Amino acid sequence: MTSIWTQLEPLLARVQKPARYIGCEDGAQTPVHSDDKVSWLLAYPDTYEIGLPNQGLQILYEIINERDDAIAERTYAPWTDLEVLLRAHGLPLFSVDTHHPAGDFDIFAFNLSAELVYTNVLNCIDLAGVPVRAADRRPEHPLIGAGGHCTYNPEPLADFLDFAVLGDGEEVVSEITEVVGAWKADGRHDRRDVLVALARIPGVYVPALYDVTYLSDGRIESVTSSVAPIPVEKRTIADLGEWPYPKNQLVPLTEVVHDRLNVEVFRGCTRGCRFCQAGMITRPVRERPADQVRHMIKSGLQRTGYDEVALTSLSTADFSGIERVVADTAGEDNVSVSLPSLRVDAFTVGIAAQIQKARRTGLTFAPEAGSWRMRQVINKLITEDDLYGAVESAYSQGWRRMKLYFLTGLPTETDEDTLGIAELARKCVEIGRKYHNGASVTVSVGGFVPKPFTPFQWFGQNTVVELTRKVNLLRDALRRDKGVQLKWHDPKATLIEGLASRGDRRLGPVIEQVWRNGGVFQEWSEHFNLGLWEDAMADHGLSADWYVHRHRTEDEVLPWDHMSAGLHKDFLWQDWRDALAEVGLPDCRWTPCYDCGACTGYGIEHIVASAAPPAGGSQGTGQLVFLSSGAR
Amino acid sequence: MNSRYRIRFSKLGKIRFTSHRDVARMWERALRRATLPVAYTEGFSPHPKLSFGLALSTSHESLGEYLDIDMAEPVDVERIAARLDPCLPIGLDVQAAAEIESGTPSLQQVVTSCTWRIEVVGLGPAELAERVDGCLSADSLVVTRERKGHKVTDDLRPAILSLEMVDQRAELVAELATQPRGVRPSELIAVLASQPDDELVEGHVCRLHQWLSTDGAREEPLPFPHRATLAPHAEARAS
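Chains as they are written, first to last, in the working numbering: chain H, 77 to 708; chain C, 168 to 406.
Please keep in mind that the hints were generated in silico from the structure rather than gathered at the bench. Any given hint might turn out to be false.
Stated by the list, open to error - Within a straight-line C-alpha distance of at most 25 Å, the following computed SDA-like cross-link-like pairs (lysine to any residue) qualify:
(1) H:Lys93 to C:Thr225
(2) H:Lys374 to C:Tyr207
(3) H:Lys93 to C:Gly180
(4) H:Lys374 to H:Asn324
(5) H:Lys93 to C:Ser186
(6) C:Lys216 to H:Ile507
(7) H:Lys374 to C:Pro215
(8) C:Lys315 to H:Gln92
(9) H:Lys479 to H:Lys374
Quick caveat, the model's predicted, so the values are computed rather than measured.
Generate coordinates for the entire structure from the input sequences, incorporating the hints supplied.
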């Protein structure tokens, strides 16, 4: 079978948003499959609108298709209406580029950015006509792989993945292609052969090659392997400037999230926010050269016809020379710039004035916690003055509303800290009212989920009851404040995120049962079903309380201890002790090294164009001024 | 002083599964890529001055879609198609362009009917022919629908201006009025499904023409130029 388009076409008139399934984006490729090429199907296990903009997937799509010995196509999780029709008509999951059956690819690789999509992964594998359990697959089946931030703890999916990749994918996809190509050329006999060969590639983890033993109290005793390395080290590209991808960002025909040009200005972050997994696992900081950024913006806008560009990173205001780049771009005709991850301590009137030149995009700040004490615990060292300064800049430049993101359920959090959120929001509205009568803020509160490879990996997550109580505290406190709109993430979903985030491979049967009982699209509130998870946990004799709410001790073997993000475990432990002592830690980009391990272990360094932090605010020092001369 | 241009375009192949709003965004991007001097609205959120004709349902194709564009300065009409075509996604193609007076009433106001080619699935040609005859000989075709909690009854017969079968296939060509009470292809199919248990489904549907009447004469907002007869590969390329 080559394309199922003719069978699919009549079904598309009967589903919601059929443009999700047609491909045809500008930048899409329609490669020709052949026996001497390794075929990759890159999957994002959520809807097209969420998955298409994913930059990681688009980068790998281009890199693989540039090779002579490989091709890559894309697929996304079909919405439930199409799934029903596919199953009723005996049609498989397909690629959107050439509508090729998913089961015919050599490698079927998933981007895992969030835990609640795990059941969708199983559903996609099953829709491809492939056994969901790795142990049941035969040589003719695709190798099921995964990458993305969740693979730093791939254990809950150990039963289903043939391999997982840790870290940057730019280089490792080529090494995987070569190993699989050789296996394919050799007749594609024993699946174990290729798995053992894959496990020899740095950054590649093959769960089936590891044995896990448990203590009588349920904790892990040991993880061992006779053929595969321990630990599996993450991959890191040394210089982002060598990888100016995506060169042809996909321009979808239908509306998607982040529907704009995206240019990644740096990777990695050393602000050291203790709750932030991305900031820990993507170190060190690697800036893209400013000239390359300018070129990617200019040529990207020309090619795509977009009128908005987002400069992406974990903290874009930290990019050396950010004001210049923003000013140059916003000077173009009717082009608006959005800076998705803005630290309030670097948001100045200058930036505020620049980014609203063409069109006012939404503005979001993430103070994360409501009190200075709490922000010292989580090492998000922005002062109230920083926040109010940023908010004043924005209101004075014409914004009328903004979003503030907070976490609740953080370590050591008291009700005073939680209520500080309401206080901050109220004061922001007060500042706004000086400029506009209708000024308002939207406060978005998420329950904190401790993540692997962060100093909080030992912390017992708040219970659903406790998180709900804290949300209610805020609701009561803000009841009379017309200018503040409160939104919150469902604490029940937070519980399951916590389960998958720090779970181990004993959760495999739980995930499988939830999926078999119809639990797909669990990250969508209309589909999320806590009951399915509770039943499955009970059926397998497992306790969510034990997995999610339990504090870990220093000596406990964590399910991801045989992985490495380069960070020394004793650095993380010390940072956890510092958190409890309310000690902040300034950014190591501009201060001496703390020996976290991310640079030294891999012989790479921060690539930062400016020797001094950007102007404005307290700059993460907790002090008000920390500027050397010429910091601009 | 802005100049206004009217463009006629086709929407064929896979792209028919995109929505009317999606198509509007494709045009905005294409116009930016083609660096045509489109006029923008003033204010906090400037957007290009574009005005689309009657919305086309998602999954319907068309050989006669229209778009009016205000340009900040005059452009060479002959070059518009050449500039835009490479910037449009596969399946959207410019067929004709002309300058129009800026006071020209909007397409939604002046288009009175559309000609459709409608494939009917679930009925043989002979049976369909009978239904077509029945439909045409009826004095009225009253349908009832729910609208804001109230039952509304309409007679669709006056809006069916012409209806015939294509050769002997289960395919219709119908001219359906768009005002005062317009009829959509799906409503026509529902009328043809005389029994409630009929499983009639619309297959491929293509809008062939939009018509406006000037002093009783029927004409297209922009005629389909002879030189631009649809290339035989266009449909194949788009699907």
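Hints, verified against the model:
1. H:Lys93 to C:Thr225: 8 Å, holds
2. H:Lys374 to C:Tyr207: 21 Å, holds
3. H:Lys93 to C:Gly180: Holds. Lys93 (chain H) to Gly180 (chain C) sits at ~16 Å (cutoff 25 Å).
4. H:Lys374 to H:Asn324: Within the cut-off at roughly 13 Å; holds.
5. H:Lys93 to C:Ser186: 8 Å, holds
6. C:Lys216 to H:Ile507: 36 Å, violated
7. H:Lys374 to C:Pro215: Judged against 25 Å, a Cα distance of about 20 Å means the pair holds.
8. C:Lys315 to H:Gln92: Distance of about 23 Å is within 25 Å: holds.
9. H:Lys479 to H:Lys374: The given pair, whose Cα atoms are some 29 Å apart, is violated under the 25 Å limit.
Of the numbered hints stated above, those contradicted by the structure are hints 6 and 9, listed in ascending order.
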